[in-house]
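Undergrad: Here the structure of chain A is known, so what remains is to put chain B in place on it, guided by the hints.
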Amino acid sequence: MSKTDQNSKLRRIFTLFTTFFRIGAFTFGGGYAMIPLIQRDVVEKHKWITDDDILEIVAIAESTPGPIAINSATFIGYRVAGFFGAFFATFGVVLPSFVIISLISLLLNEFQSITAVRYAFFGIRAGVLALLLKALVGMYRKCPKKIVSYCVIAFAFILSVFTEINLLFVIIGCALIGLIYSLALEKRAKNGNE
Amino acid sequence: MPLLLDLFLTFFKIGAFTFGGGYAMLPLFQAETLAKGWAGEAEIINFIAVSESTPGPFAINMSTYIGMEKSGLLGALCATLGVVLPSFIVILIVARIFEKFKSNRIVRGCMAGLKPAVIGLIASAVISVGLTVFCPKGASLDIFKNEAFYISLFIFALMTFLIFRFKKLHPILIICLSAVIGIAAGYLFAIPPLSV
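Protein sequences, first through last, are from chains A and B. All you need for my numbering is the position in the first sequence, starting with 1, plus 48. All you need for my numbering is the position in the second sequence, starting with 1, plus 4.
Mixed in with the good hints, there may be bad ones.
[As the list claims (entries may be wrong)] Here are some, though not all, of the chain B residues that point toward chain A, as calculated from beta-carbon distances under 8 Å:
id	residue
1	Pro-6
2	Pro-59
3	Ile-176
[Claimed, not checked] Result set (BS3-like, lysine-lysine): computed pairs, CA atoms no more than 30 Å apart in a straight line:
id	chain 1	residue 1	chain 2	residue 2
4	B	Lys-17	B	Lys-106
5	A	Lys-193	A	Lys-238
6	A	Lys-182	B	Lys-172
7	A	Lys-193	B	Lys-104
8	A	Lys-182	B	Lys-141
FYI, nobody ran anything at the bench for these hints, they're computed from the structure. Glycine residues also receive a C-beta, built at the ideal position from the N, C-alpha and C atoms.
Bound-form chain B, shown alone:
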């Protein structure tokens, strides 16, 4: 299949099967891009940070980025169009039958299953991100001799504390602080740059 068509169809599928906002798209996005070899695990997490620090919806940022990486501006266009189109079509239909849709038993029933499903899937995505952060590919398996493991653990613990203690803290602040600690610790412990 030509790459542009593949980008469009893959992101169309992701757009059509994501319910809910924010990170609801992450599990599908992770599964599809990893399966296609469009991005590595660490690259996806890096990109979550870029997406949090730039305006706009996560879904659009993600699809534009992968499309751009794989096939330039046309690729970005196809991927973004793909992710937007399902919503656009469905909402145009729903807007006409709004009242019926709202009280439809089948829609309500499906939602009773979809909402918790997203939580279970995101929980699994968080675990896979955790594995990538703490035990990245190619890192020493002996975590007790691995400074990178302890630095990651320290940053994760500190940021978790800050996020839950100060609820108004902007995500960008968390990202900047993590970056500063990462740079300082990286030079301080002379971590081989290629391993991180």
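Isolated chain A (complex conformation):
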């Protein structure tokens, strides 16, 4: 690798870090809220990837474990500048949260015994319940409306509410149900064609 190549790679890694740092510092709620910012900075400004890539990255991020924000940062970083690109993009997106929350956790302990703060959180908890309900409805609307989806939703819900079974087993079980169902569908389609 020539020296100018190396310089431009270093510069790209540095820009990846600052770009994802900014994205981490200015998105609330994480995940999908981050996509428009990524689009503006990574696609339009730096032209590192295209709009189609973004759609693919979202699809990949959804089908791999872990938070969408981390998945997209790692993926884009790797595409743009290899392993160190992935590392610094991920580091950048995590750093703002890490610093802010570390500071807040110190403050929260100081304030938690104040009556007004207790009342505030008492009210906030009811508001959070409403926010969670909204998130749940949003996810339900995006889910494919198939019988198997409804069955898996019910299966996961019932096991998690009424039994003490470890959630990891529920998650693995649901993945297996989806897999068996899809493979069975494929087989039937194949048989139908013959």
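TA: Same frame as chain A, now just chain B:
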């Protein structure tokens, strides 16, 4: 097991088994931290509000907070590293075999089950949050004599209406409004502070 290692491994597990964004992590997070005694139910809900009002992904905020609470800066580092590492490793692998991964039948099949699973699990998490909000531990079981129950119900109903009626409303606004009503009602009805 040393606490730092426990934090790292627990959050590694949470990171490795969460599919999807946003609150997809909540059910596992709730189950693990409650089982380990790292946070109480009300504390987790308080923290959801803090996380919604600060920038950054929910997963990172949550792991940093619990790590910091349990073991200071080193704890926060271990927990956050744990939650990030599975994604980082998996994506580095997937980025190399991207085309194959995308059209893989097994991946697609598993996703057909994982997406609805997350919905079922979050629905169950919402129920447990609901129980904590309306019937907190130590509160009077006679809900008809319990002002806190009615205030919570009022705030929940009002916020649900606002959220679904005005879709562009920022979550921070909902949180601030709930806080103001909570403070006003708390003093107005002289609710014992220790019970909320």
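Undergrad: None of the hints should be skipped; say for each whether it holds.
TA: Hints versus structure:
Given the 8 Å rule on beta carbons, the hint for B/Pro-6 is violated: about 21 Å separates it from the nearest Cβ of chain A. Nearest Cβ of chain A to the Cβ of B/Pro-59: about 5 Å, under the 8 Å cut. The hint holds. Satisfaction of the interface hint for B/Ile-176 is found here, the shortest Cβ-Cβ separation to chain A being roughly 7 Å, below the 8 Å cut-off. Pair hint B/Lys-17 plus B/Lys-106 holds up; C-alpha atoms about 24 Å apart against a cutoff of 30 Å.
Annotation: proposed proximity of A/Lys-193 to A/Lys-238 holds, straight-line Cα distance about 23 Å (limit 30 Å). Proximity of A/Lys-182 to B/Lys-172 is assessed by CA-CA distance (about 12 Å); at most 30 Å being required, the pair is judged to hold. For the hint linking A/Lys-193 to B/Lys-104, the alpha-carbon distance of about 27 Å falls within 30 Å, and the restraint holds. With a CA separation close to 25 Å, the supplied pair A/Lys-182 and B/Lys-141 stays within the 30 Å bound.
Checked against the numbered hints given earlier, the structure breaks only hint 1 and satisfies all the rest.
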